[in-house]
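Student: Given next are the chains, with one letter for each unit.
Number of protein chains: 6
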Amino acid sequence: MTDLVTFGESMLRLSPPGQQRLEAIDELDVHVAGAESNVAVAAQRLGLDAAWVSKLPDSPLGRRVTSALGNHGVDSDIVWDDDARMGTYYVEMAGKPRGTNVIYDRADSAVTTASTDELPTDRFADADAFHITGITPALSETLLETTEDLLTLAGEHDTTTVFDVNYRSKLWPPADARETLEELFPEVDVLVVAVRDARNVLDREGDAEAIARELAAEFDFELTLVTRGGDGSLALHEGEVFEQGVFEADEYDTVGTGDAFVGGFLASWLDGAAVPDALEYGAATASLKRTIPGDIALVTPEEVERVVEQGEQSGISR
Amino acid sequence: MTDLVTFGESMLRLSPPGQQRLEAIDELDVHVAGAESNVAVAAQRLGLDAAWVSKLPDSPLGRRVTSALGNHGVDSDIVWDDDARMGTYYVEMAGKPRGTNVIYDRADSAVTTASTDELPTDRFADADAFHITGITPALSETLLETTEDLLTLAGEHDTTTVFDVNYRSKLWPPADARETLEELFPEVDVLVVAVRDARNVLDREGDAEAIARELAAEFDFELTLVTRGGDGSLALHEGEVFEQGVFEADEYDTVGTGDAFVGGFLASWLDGAAVPDALEYGAATASLKRTIPGDIALVTPEEVERVVEQGEQSGISR
Amino acid sequence: MTDLVTFGESMLRLSPPGQQRLEAIDELDVHVAGAESNVAVAAQRLGLDAAWVSKLPDSPLGRRVTSALGNHGVDSDIVWDDDARMGTYYVEMAGKPRGTNVIYDRADSAVTTASTDELPTDRFADADAFHITGITPALSETLLETTEDLLTLAGEHDTTTVFDVNYRSKLWPPADARETLEELFPEVDVLVVAVRDARNVLDREGDAEAIARELAAEFDFELTLVTRGGDGSLALHEGEVFEQGVFEADEYDTVGTGDAFVGGFLASWLDGAAVPDALEYGAATASLKRTIPGDIALVTPEEVERVVEQGEQSGISR
Amino acid sequence: MTDLVTFGESMLRLSPPGQQRLEAIDELDVHVAGAESNVAVAAQRLGLDAAWVSKLPDSPLGRRVTSALGNHGVDSDIVWDDDARMGTYYVEMAGKPRGTNVIYDRADSAVTTASTDELPTDRFADADAFHITGITPALSETLLETTEDLLTLAGEHDTTTVFDVNYRSKLWPPADARETLEELFPEVDVLVVAVRDARNVLDREGDAEAIARELAAEFDFELTLVTRGGDGSLALHEGEVFEQGVFEADEYDTVGTGDAFVGGFLASWLDGAAVPDALEYGAATASLKRTIPGDIALVTPEEVERVVEQGEQSGISR
Amino acid sequence: MTDLVTFGESMLRLSPPGQQRLEAIDELDVHVAGAESNVAVAAQRLGLDAAWVSKLPDSPLGRRVTSALGNHGVDSDIVWDDDARMGTYYVEMAGKPRGTNVIYDRADSAVTTASTDELPTDRFADADAFHITGITPALSETLLETTEDLLTLAGEHDTTTVFDVNYRSKLWPPADARETLEELFPEVDVLVVAVRDARNVLDREGDAEAIARELAAEFDFELTLVTRGGDGSLALHEGEVFEQGVFEADEYDTVGTGDAFVGGFLASWLDGAAVPDALEYGAATASLKRTIPGDIALVTPEEVERVVEQGEQSGISR
Amino acid sequence: MTDLVTFGESMLRLSPPGQQRLEAIDELDVHVAGAESNVAVAAQRLGLDAAWVSKLPDSPLGRRVTSALGNHGVDSDIVWDDDARMGTYYVEMAGKPRGTNVIYDRADSAVTTASTDELPTDRFADADAFHITGITPALSETLLETTEDLLTLAGEHDTTTVFDVNYRSKLWPPADARETLEELFPEVDVLVVAVRDARNVLDREGDAEAIARELAAEFDFELTLVTRGGDGSLALHEGEVFEQGVFEADEYDTVGTGDAFVGGFLASWLDGAAVPDALEYGAATASLKRTIPGDIALVTPEEVERVVEQGEQSGISR
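Protein chains in written order, with the numbering used here: chain A, 1 to 318; chain B, 319 to 636; chain C, 637 to 954; chain D, 955 to 1272; chain E, 1273 to 1590; chain F, 1591 to 1908.
Some hints could be false.
Claimed, not checked - Far from chain C, by Cβ distances over 10 angstroms, these chain F residues were calculated:
1) Gly1660
2) Asp1716
3) Arg1908
Stated by the list, open to error - Result set (DSS-like, lysine-lysine): computed pairs, CA atoms no more than 27 angstroms apart in a straight line:
4) Lys1442(E) to Lys1368(E)
5) Lys1050(D) to Lys96(A)
6) Lys732(C) to Lys1760(F)
7) Lys170(A) to Lys96(A)
8) Lys806(C) to Lys414(B)
9) Lys1124(D) to Lys1050(D)
10) Lys1686(F) to Lys1760(F)
11) Lys488(B) to Lys414(B)
12) Lys414(B) to Lys1760(F)
13) Lys1050(D) to Lys1368(E)
14) Lys96(A) to Lys1442(E)
15) Lys806(C) to Lys732(C)
Hints are computed from structural coordinates only; laboratory data are not their basis.
C-beta atoms are modelled at their ideal positions from N, C-alpha and C, and glycine is treated no differently.
Given the sequences, and given the hints that come with them, work out the whole structure.
Tutor: What follows is the structure, given as C-alpha cells:
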C-alpha cells in the first residue's frame, strides 16, 4: 500500500544559467517541477512510499518527467496522451530589485484534460494520504471536476486529504480562486496555506493563529498549517497551536521551498511523528532545499535529521 | 523601400547539446528560427533590405526573437500580444539511423491569430518581393485567410510573390495541404518546391523538370524552383530550364538549409542576377549554412562569392 | 515476476568532453555504466520487466547509480555498504590513430565483496532469465564464487542463464580467463561471445560459424551468439545458423554497443520472437546506441522497429 | 530624428566564467561593452531613439559589436576599416580582497584613428542630445581632436552635449586628464562626474554639492550630475540641488552601472521628465543593471518603473 | 638549493559545478589538490624555490597532477608507479545548513606505498625547510614510517621541519591520531595546529595561547602556530606571542585556505621576515585564496602585498 | 645542457566552441599556441630537454603562457615586459566549404621588441639545436635582426639551426618573405618547408624532390625536409632522399600539425635516430595531434611508438 499519492501537473522548468536574462538566452537549464510531484519526491526520499498520478504527452518530453521522478524512486502512474502538449515554464532567477520571474507556458497541456474516469482511481482509494494543491483546479474546468472527484473519493476511503492552497496569481484572480477553493475545502482534512494567500485570496484577517482558527472552525480541518515565509510556520491541531521557526540557509534556488516543507512534514507526520516534530522536520527539509538547484528537495533523512539536531552549521566535513 | 518582406512564424528552437536525447536533457541550446524569418535574415546579410512581419507575445521570449533578428539588421515589424504564447519547437539532432527529430510546440502561438487588419499592410504593398511559405497557412484558419489576403494585396501592388511549399507532415496531411496550396498558387509568381513534396503532396509525377513544367503551366508561375536535396536544384524561367548542383559541405547543422538556399537565391535574383547565377549563389549559401550551428545562414557576401568562385576548398586561412 | 535479472558492477564513467585528453582535463562528463546494468536498462526500455542486483556504497555516489537506473524504470535491488568504495573508470574517446582508452579504477569496489548469502537470491530463482558477463567473475575471488552460485541457482529454477564473455584485457590475462570461463560454461544456456575473444581468449579457430558449432557442442549451449563487429552477428540455435548484418550508424559514442545488442536481442527473444527476428532487433538497437552519448541504449521500441523496417534512413522528421 | 547619439569605442569584453583567474583560464565569456554604446543601449531600451557612431574593423569581430547593439535596436553608424584591430579588454571579477581587475588591450584599435571628416557628422547635428565620455579623448590625439570637433558641431546645432568624465587611471594620469577635460568643458551642457574623480582628477574639494556648484559656476553647465557610489547621486540644475539615494541590489556584475545610470537618466530627462524624476529613474536603472551579467542594462521601462514605485522588493512572481 | 620541499599526496578533486548534488551530477569539475602540494605551490608562487616529492601512477591521471604543479613552476620529483591507482576525492560544496561534504576515494593510492628507500632523499637533506602534514602518516603504515624517516633525515641535515596537524576525521579517529602525532612531534621544528584540533585530537585545553605554550613546552617547538578560523591565528616564537586577525573575503571556495596560510607564512618567514610579518603575509594569502576556485592559492606577491597594505578593499581597477 | 631551444612568439588562441561563428560568439575557448613553443612542447614531451625563449607581458595573460608550457615541463626563459601587449589570435574552425579562418591580433605584442641584447644568449650557445620559424622574422624589424643574430650565434657554437619556413600570408607578401628568408638560409642547417610555400613563396618549381635538391644545393643545408600535406613528407640528407606517408587520422583540430611533425622529428633525430625513422616518428606525432584539441601535441612517446608500430588502428582499449 502506498503511503502518499499526489495528483497534479509536472512541467519542464526552463531557466537561464546564472542570472542571465531570458531575453538574451543561448541556453536553458532544464529541471522537472510541479508542486504535487515535488511533494511526492520529497516524501519518497524521506521514507514514504509515494506515488504520483498524472497525464503526460507520450513523447521524449513526457518521458523526461517520469525519468526525473524515477531518479528518486517515485512510482509514476501516468495516462499517456499521443497528441497533447507538455507543460513548460520559464524561470528567470534574480535577487532584489529584479526578483525572480516566472513565465508559464502550460495552457492546454496534457494534464488539463485528465478526467476522473481515465485515472487509476484505486491509487487514491488505497493510499494513506492524498496530496493536491490549489494549482490543479486552477488549470482547467476538467481538472476542477477531477479535483472534486478525487477529494471525494479519497474521503470515502479514509484517505487523508492534504490540500495546499498554493495560490498562483498568473493562473487566476483571487476572487475566482476563493470561490473555487472554498467549495473544495469541506472535503479537505489537512489544509496548508501561506498567511499571505489567506489574506489576499481567502480574505481572512488577523495573525496566522487567528486565521488558522477561523479556517479550521469554518471548514472543520483536522490539521491547519499556516506558513509565514521567513517567519516560520504554525500548525493548529486539535485546538492546540504549534509554532516553528525557519532554519537559516545560504540560498541558491528558492523555488520549491514550500513543497519541500510539505513533503518533509508529511514524511514525518504520516510516519507517526507528533505535529511539532513534523513541523520541525518540514522546516529542516525546506532549509536544505534552498541550497539546492532545481525545484526538488534532493535530500536524505540523515541530512534532515542533522539539521534538526545541529541547526544551521556549515563548514567542511572531511 | 524594402526589397523583401516576409511573413510567418519565428519560434524558439530548443535543442540538446551534441547528440544528446531529449528524454535525458539537462540543458537546451536556444536558437531563433522560422522559415520566413530565416529567409529574411539570409537576404539581409547578403545585401537586400529585408523586413519580417509577424505577431509575438509581449514578453522576454518574444523579445528574444526580435533581438535575434536585430543581430543581422532585419527590420522586425511586430504586432505585440500581451497574452498569447510563444511558439517553440524541440530538435533532437542525430545522424543515421536515428535521424533528426522535431517536436513542435507551436499550437495557439501568438501568430496564429494574426489577421490582416492588424498587420502593417503597407509593408507588403511597398516591397519589391514578398516571401511566405506553406507553413504559415497550415498553422490556423486565420493564417490561411491572412496568407490569401497578403498574396492578393502583394499582387495588386506589383510586389513579386514568392511561395515555398515547405510541407510539414506534422502540421497537416498531404491532401489538406494540396487543396489549400493549390488555391493559393494562382496568386504566386515564384514557386519553390522540393521534388519530394511535389510528388507526395501535390501528387505530381515525373522528374524535376517535368514537374516544374507541369506546375508552371497549370499555375502560370513566372519562375519555378524545384529542389532535389543532394541532387541540387532546377529552375524553370521563361520556358528555359537551368540546373545547379550542390556544393559539398562538412555538415554540422542541416536545419535551415532550404531557407538559406531561398534567401541566397533571392538576394542575388532580386539584385538583378540572371537565374542561373542566382541559383548558384543560393546553392553556395545553402552549402555554407550546413557548417553553421542554428537555423540561420550566418554568412557574408564575400564568403558566398568565394564558394561560387573556388568551390568546396577547406584548409586554414592564415 | 521479473522477465530478466542481471547481476554485476555498475560504475561511474568519467570522460573528458569532446576529444580532450585526460592529462589536461578541467571537467569530466559523468555517466553510469556497467555491462549487466546496461543490458537491464536496454531490456527494460524495450519492454521487459528487468531488475539489476548489485552492491554499492551507501553514499551519494552509490545513489547516483540507482538514480540513473531509476530513470529507465529498472528495479535496482542493492546491498548497501557503508564503507566500500565506488567503482569508477575513465574513458578518453578518440578516433584513429589515437583510439579510445579506458583506465579502470574499480579495484576493491563495493561489489567485489558481494557474496551469495547477502544477495536477494529469490530474484534469480523467480526470473525468466538471468544475465551476467565475464567481467563479473574477473573482479574478485568472491565474485567468481558468487557467479558460480548464481548460475547454479538459476539453473535449478529453470531460469535461462545468459552469459556474455565480454573479455577485458585490463582485468585478467587470456589464459586465466579461459580457465575460469570454461568452468562456468556448463551452467550457461545462452552464450554471447565476440569472435575475437573466442580466438584470443578461448583459443578457438575457424570462422564464426565453426566457433559457434564447436562451443555449442562442447558446452551444450541452447543458443550461441557470435558477434563480429562491423561484420554483424551469427546465432546457432537448434543446429541452425542465422546471420545478421549491422545497420550502419553515424557514430557518436560506441561504448556500450555490445550491451545494447544483447539487451535488444533479449527483449525480443524473451518476448517470444524467433531467433533471426531477435538478432535483427538486437542489431537495430546496437546501431541506435552508437549515435547516443553514454553507455546506455536510450531508445524506444518504436525507434528500434523503425530501424528494423526502414533501415538506416536519416533526414529530418518534422 | 534621433533623440540621442553617442560616439566612442565599444570593445569585446573577455572575462573568465565565475571567479576564475585569468592566469588559469580555459574559456572566456564574451560581452560587448563601451561607455558610450552602453548608454545608447540603455537609452534605446528605455524609450529613446538612439544611435551610436564609431569606427570598427571590417571583420567578424567588428560585426560582433554591431550585432550586439542590433539586439537592442540601436542604430549603429559605423566607419568600417579593413585593417585596424578590434579593441578588447579582459575583466577578472572578484569580491574583496581581490577586487575586480581590468586589463585593457585597446591600443591602436580602429576607433583611435576616427577623424571628424570620415564620420557621419549629420548624426550629431540632427540629434536632440550627444553623449560622449572622458574615455574617448584619452584614447588618441586624433580622438581628442574629434571629440572637440563633435562637441563644437553639436553646440552649433543646438544638440545638448552630455559629457561623463569617466576617468580611467589605466589610460592617462590625472594631470593630463584634467588639462584635457577642462579644455573640453566649455562646450559641454550636461556634466556627469563621480565625486572621486572630481577630487582626484579635477582637483576639486568639498562635498558633492560644493563640487557641483563650483564646476557649474566655472564652466556654465546647464546641468551637473555628481555620483557618489553607494551614497547616491546629486544634480544641480538652475541653481537647485536634487539628491537621490541608491536602490539596493543583490550584485552579480557591477561593471556598467554608471552607464546604466546615465542611460536611464537621459531616457527620462530627454523625454521631458523633471530632474529629480530622471535621477530616480537613472538610479533604478543602475540598480537593475547590478543584477545582470555583462555591461549592458538589459532592462525594460516596466521594470525600471516597478523599482521606482515599489523599491527593492524581491521574491518570486508567478 | 631548494628553499622548501614538501612530501605528501596530491589528488584529483572532483566537484559538481555550482551547488549541485553529487547524487545528481552529470559533470564534475577537476582540480588537483593535496595539503603539501598546495603549500609548495603557494610558496613557489610567492617567491620560494619549492619542490614536491610524491609517488603517482604512471598514467594520464598521474601526469594530470604534475602538469598542474608545473603550471606554477613547482619542481615535482615523482616516483612513477605502473600499477597503483590515483587518489581522488569528491567535494560537494554548499553553505549552511547543508555544509561542504568531502568523500575520499584515496585508499590504496600510489603514494600509500611510498617507502623512504625509493624516494629522492637528497631533496630533504638539501632543502632549507621540509613541510609535511598529519594527513600523510594517516594514509598507511608505510607512510607513517616514511614520515618518521623523512623528519629524522631532515633534522640530521639542519632542514627546518614544518608539520601541520591537519586532522581529518574521515581518515582516523582522534585517539589514534594523537598517539601517532605525538610520536612525530619531537622531530618537528615548526608546528601548525588548528585550535579545534588541539582540543579534539591532542586533548589540550585553554585558549590558543595556553595551548601553544603547553605544546611548545612539551615538544620543544621552535615556532608554534595556532589557527583559529575566523578568529585569526597566533604564533609563539622564542617565548613571545604574536596575534594576527583575518582579512575578510567574499568567499567563493574555502577549501585550501589553511594551506594557503601556511604557504604564505613560509614564503615570507623562510625569506627572512619576522614572525608577525610572516603571519600577516600568510593571513593575506589565505584571504585571497577564499576568492579563488580550486584548492590552490593562485596569487602573486604583488597581490598579497596589496592586501597587507590596503586591507580588504574591493572595487574595479581600470 | 638543453637539447633544443626555440625562440618565437606564443599567443593566446581564442576560438569559438564547436563550429560557431566569431560574429556570434558568447564564449571563447582559450589555448596557448605558437609555432616555436609548440615544437618545444612536442619535443619535451617526446623525450628531449627543451627550452623556449621569448618576451611576454608581465601580466596574468603572460603568465597564462608560461603556465601552459610548464604543464609539459618546458623551461621558459622569458624577458618580462611591464607594458607591452599580449599577442592573440582568433580561430574559427570549420570544414568545407567554409574552411578554418584565422584573425591575427598580434601587432605590437611584447615579443616584437625582443632584441638580442636582452635575451639569454647563453641558451642558444649551449643547446644542441635551435629551432625558429619564418613567422618570427616576419613580425618586426627588430625580430628580423634578432633572428639573424641568433642564427649566427648558434652557428658559432655548433648548435644545429633548424628553420621552418612556415609562411603566413596574413603577415607578409611572398616577395618580401622570399627576400628575407633567403638572406637567412645560409645560416640554416636544417630547413623545413611545405612544398606549397616552396612554390608560392620561394618560387621553386618541380616536385618535392627536385625542390629539396635545388634548395639544398643552393643553400648547403645539412638536411632538407619538404612536407606535402596529405601526401606525406620527404627528407634529403647527404644526397639521399627518404619519403614518408601520413598516418590517417580522424581529425578534430588540425592547427599545429606541422609543428607536431617537426617536434616529433627532432625528438627522434636529435636523440640519434636515422632520418627515415625520425620522419616516421614525426609523421606519427602529427597524426596523433590531429585528434587533439588545441595547437599542442599532447602525446606520449608510448603513443607515438604505438602508431609507428601498429599504424592507424582505432577501437577501445580496455
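Student: It remains to establish, for every hint, whether it holds in the given structure.
Tutor: Results of checking the hints against the structure:
Distance to chain C confirms Gly1660(F) as a non-interface residue, since its nearest Cβ pair spans about 13 angstroms, more than 10 angstroms. Distance check on Asp1716(F): its Cβ is at least 30 angstroms (rounded) from any Cβ of chain C, clearing the 10 angstroms threshold; non-interface status holds. At roughly 4 angstroms, the least C-beta separation between Arg1908(F) and chain C is not larger than 10 angstroms, which violates its mark as non-interface. A threshold of 27 angstroms between alpha carbons decides the hint, and for Lys1442(E) with Lys1368(E) the separation of about 20 angstroms falls inside it, so the pair holds.
Simply put, Lys1050(D) and Lys96(A) have alpha-carbon atoms about 21 angstroms apart, close enough for the 27 angstroms limit, and the pair holds. For a cut-off of 27 angstroms, the pair hint linking Lys732(C) to Lys1760(F) is broken: about 32 angstroms separates their Cα positions. A threshold of 27 angstroms between alpha carbons decides the hint, and for Lys170(A) with Lys96(A) the separation of about 20 angstroms falls inside it, so the pair holds. Between the alpha carbons of Lys806(C) and Lys414(B) the distance comes to roughly 32 angstroms, so the proposed pair goes past 27 angstroms and is violated.
Restraint check for Lys1124(D) and Lys1050(D): satisfied, since their Cα atoms lie roughly 21 angstroms apart, inside the 27 angstroms limit. Between Lys1686(F) and Lys1760(F) the CA atoms are separated by roughly 20 angstroms; this keeps the pair inside 27 angstroms, and the hint holds. Between Lys488(B) and Lys414(B) the CA atoms are separated by roughly 20 angstroms; this keeps the pair inside 27 angstroms, and the hint holds. The hinted pair formed by Lys414(B) and Lys1760(F) fails the criterion: a straight-line CA distance of about 40 angstroms is larger than 27 angstroms.
Taking the CA atoms of Lys1050(D) and Lys1368(E), the gap is about 21 angstroms. The hint holds against a cut of 27 angstroms. A hinted pair counts as satisfied when its Cα atoms are at most 27 angstroms apart, and Lys96(A) with Lys1442(E) does not qualify at roughly 40 angstroms. For a cut-off of 27 angstroms, the pair hint linking Lys806(C) to Lys732(C) stands: about 20 angstroms separates their Cα positions.
Violated hints for the displayed structure, listed by number in ascending order: 3, 6, 8, 12 and 14.
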